[in-house]
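Whenever a hint applies, use it, and build me the whole structure from the sequences.
Residue strings, one per chain:
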Amino acid sequence: MSGIAQKLASNQKQVAISEFFEKNKHFLGFDSLARSLITAVKEAVDNALDACEEARILPTIHIQITKLDPKKDIIKLIVEDNGPGIPQKSIEKVFGQLLFGSRFHAIRQSRGQQGIGITGVVMYCQLTTGRTTHVRSKIATEPTAAVVDIGLDTRKNKATKANAGREMWYNEDGSSKEHGTEVTAQMKAKYQKGRQSVWQYLRMTSIVNPHAEIIFIDPDGEKHHWTRVTERLPTKVESIKPHPHGIELGQLQRMVAESNDLNLNHFLLNNFSGVTNRARKELCQAADLEGTRKMKTLKGDDIRHLLEAFQGERLFKGQPAKLLKPPTNCLSPIEEILIKKGLSKTIDSRFVTTLTRVPNVTQGNPFQVEVGLIFGGSMAGDKPVEILRFANRVPLMYQQGGCLLTKAIESVDWRQYGLDQAGGKGVPKGPAAILVHLASTNVQFTSEAKEALADNGEVMEEARKAMLEMGRGLRKHLEKKKKMAKTKEKFELINDILPAIAEKSAQLLNRPVPELSGSITKIMSAVISESTTVWNKETKQTDVDIVLFNYTTRPRAYTILATWPEKAGAKMENNDTGGRKEALGVWAWKLEALQPGERKNITYSLSGLERGDWTDTEILFRGAQDVIGATKMDEKFLEEIRRQEQLLLEYEGGSAQSEPTTKESSPEPTPKVALIAEAPPGDAEIVEPAVAPPEGQRTLFGGDV
Amino acid sequence: MSRMHTPEETKAAMHEVVAEMYDRIVKGESPTMTLPVRTKNNIGFDKKLGVYKYGKKQSIRDATSLGSAKQLLRALHVVEFIEEMLDAGKSSTLREMYYISESWGMGKFGSQNDSNNLAEDLEIVTKCLREDFKLRPEEDGARMIGNLTLRERNRRGEWMRINARDDVGDSGYGVPYNVELEKIELLEHDIDFIMAIETGGMFDRLIENGFDEDYRCGLLHLKGQPARSTRRIMKRMSEEWDLPVVVFLDGDPWSFRIFASIAYGAIKTAHISEYLATPSATYLGITADDIVAYDLPSDDLSKKDVEALNAELSDPRFADSWWQDQINMMLELGKKAEQQSLAKYGLDFVTETYLPEKLAELGLA
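Chains as they are written, first to last, in my numbering: chain A, 1 to 705; chain B, 1 to 365.
Simulated from the structure, these hints should not be mistaken for laboratory data. One should not assume that every hint holds.
[What the hints assert, rightly or not] Okay, the calculated bits of chain B under chain A, using three or more residues with CB under 8 angstroms as the criterion: (1) 25–32; (2) 64–70; (3) 77–85; (4) 312–322.
Think of the CB as a built atom: it goes at the ideal place given N, C-alpha and C, for glycine as much as any other residue.
Below, the structure written as structure tokens:
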């Protein structure tokens, strides 16, 4: 974003807006009539989601598209949200101002890394239809809504406003609207259906924003409704300071030039994450610079040396300076349970598995990979699986083939996990959809079109590992499904068929009906487990019941293990069988020997979850004889869980900064020194540049709004 | 057939099957039904009978899987159903039985194939015939034309004398599903041999060309894989009238199988091969070398054709060198040909050239 913004700010001043648009439409997202409409919807919906998120409001967004003149491809777009609203004086800034430099120093995960914002939509509308964009917005503390038409004077290259005023805003039911923003725009655009469509964009958006309710009325008047499946808003992300590993020369030069710090020591401690007092000393020595140097005295070579020390090219006692990893609280993963809900509500299926990896760091930038796989149901079995790619919760809809996330999927041999894949390479086939989400403070794209992620070894490795683990989940599910079908058959056999055989044969021979228990044990010759996981409406808890039958001729002893969403904050209640924690999210019960024909129940409830959060408990066992309906404990699986748990603890310890061990080397008192102040909720959509743009230009339109 | 069983004998035989299941349950075991393995791996040549019969390999159907347990339950329902028919003096078709099974709850048949197979299973284990069970196929028998005379007992119980040349229309004499002595008697003939033909088109061609009269033969239309009654009447004519049987089929792996079931006995009915098979039957054509010798229009062998040929190579019924040569030759050619491809040389070629040449080799023309 910063690159475009700067370019726009410095170079576009004298260029006519129409020319600017023409030149840059491919990366502004307006290169075809179909894509222009998607981009317009995207900018408006992203704004709405961001505003709601910052103001901690559960978003409800209405989108309506109408064809005004089908022959000339003139379309009317209305997007209405229930966000905090924009104060009257700020509306023009939001819609008339280019977002240059806005998040330029803010190192955190944000949607706004793509496109040029809603201003681009206003420009596009003006240029293609000559019409202004109508904005209506109301904040809670004011009784009326502000309205204004924002446009653009192409002759003077300036933003215009007209018909500014205030009016009452009523909901459909006649009540007055509390707060929100509505944008009505007219543009030359084409509504299309299919994989690259407004519908698909909204569907994907709904998957990764399960807290949002999205209602879309398409040009045929058909209503598409994606419901809200959780009341939980995404975690509020913290801004972090840049990490030395991720700094480029230009950026460092600018930071030095703009620094108000006392000296280099303060500069290093105040402006970077991961730089402890010790690291500061090491960096100074490696760069051959005195920590007491005033910032103004640092020259080009000094800065270059500092950068080399950052990158470990200049060493301290033969080693690169030891830096802490950047904190990861700047990331907002969607989290496993919510991805699961988002996928399940959108796609009909039989099985969903999701996985959020522990955050990792590449080139000083924290990132986190999340994946989801949904299988079965009404999806077509003979077509390539649907790939749902996201970067910072924004759907990526174009250039699928060139994207790192697609390559990660293609690098896995899916055949071993139960999907078709020619030669074990490429996009697998089968009734499935695969979701990949990269959350990062610095998403690298292959081009300015920002539709495909650039290659990166570490991200690729994380994504691949996530896929493999998910694949194992799918295989387990398919195996379990087979076993369950077998178990069901066995029960049908002993409960229905065998008694019928006994009865009918006795009747034909005119003899008494024989006793069945001996035959049943012989036929089953197995230990069988069944489990149910159900939501209890009254207690608001998830009740789990595990039953174990011994249908063999000998006593059998087992340790039974069950998975539960400990990571998501669930608590175990009424667990009368006791047992102990085996690992994160795995509970174990050692059972006394079950006699032939005996059964044993394990019951417990999970609190702290919402309905639908947890619907399937995996049952595992340790013991000699196979248990139908349970999986033999794979100790490697347990190790992986423990490893992830360990990583998680390390990360939490590292960013919490409350532990005595980290105090000495405490990198920064996080919230206070964030470079960008959090915007107050009421002004959520206004993103003021934290750093003055180079040429002092305030808007694209060549002047102040 | 040689001898039908009385209803009492049939019931007693079926009760043995039921008792096997019952006794196993009483012993605390899974109920079972023991029957011979019905694959090509378990058929062997019976020197005394001159046909292929099931060998000694047994398979035990038990109740440890849902599918086979259901099959046991179905068998009990079928036994009950047959007993009811025997008591009431009724009979039913296999298809009717399939529909009647709708009311058998969990013992209901999944498909007609299931019910046909089960009827055969019961025949095999009880050594009764489906006629004993009062079960009829709905498959219709063959058509026959030629100067031969037989007596058939009609619906009113009267014997009718029928000459299969003079007393029938163009479609010939229809062979009924029951061709046993109580239904059909072979009276007299004035022919030299019997020719069995695979396709209706070729059967009609030979009739139109007057082949049956020119070459003094009886023509029999097999309608693809021949029904039991078709094979049975061929067998009776061959034995009772001491007539040679020649078989004229398409030249493909499936025709070879048809021939094997006529001459040596079919795998599915190997328990009654001695009633159905005609060991003296000869394969007339189309042979693999005919395709080359007569330069017949041909099609490439499909993957399934090749699989079938390879399976035949290891089938004991095709173990002799003549068949091995034919099969290998067809595999090498990679081609198959239909009977009617002979029309390449005109409509009369088959009756004026091809068949006379082939029959001459056998000394029949």
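(request) Examine the stretch 64–70 of chain B for residues whose CB is less than 8 angstroms from any CB of chain A, and state whether their number is three or more. (result) Contact hint for the stretch 64–70 of chain B vs chain A: holds, 5 residues under 8 angstroms.
(request) Test coverage of the stretch 77–85 of chain B by chain A using CB-CB distances below 8 angstroms; three residues minimum. (result) Check passed, 4 qualifying residues.
(request) Closer than 8 angstroms, Cβ to Cβ, for at least three residues: run that test on the stretch 312–322 of chain B against chain A and report holds or violated. (result) violated (count 0)
(request) Test coverage of the stretch 25–32 of chain B by chain A using CB-CB distances below 8 angstroms; three residues minimum. (result) It holds, with 7 qualifying residues against the three required.
The structure shown violates just one earlier hint, number 4.
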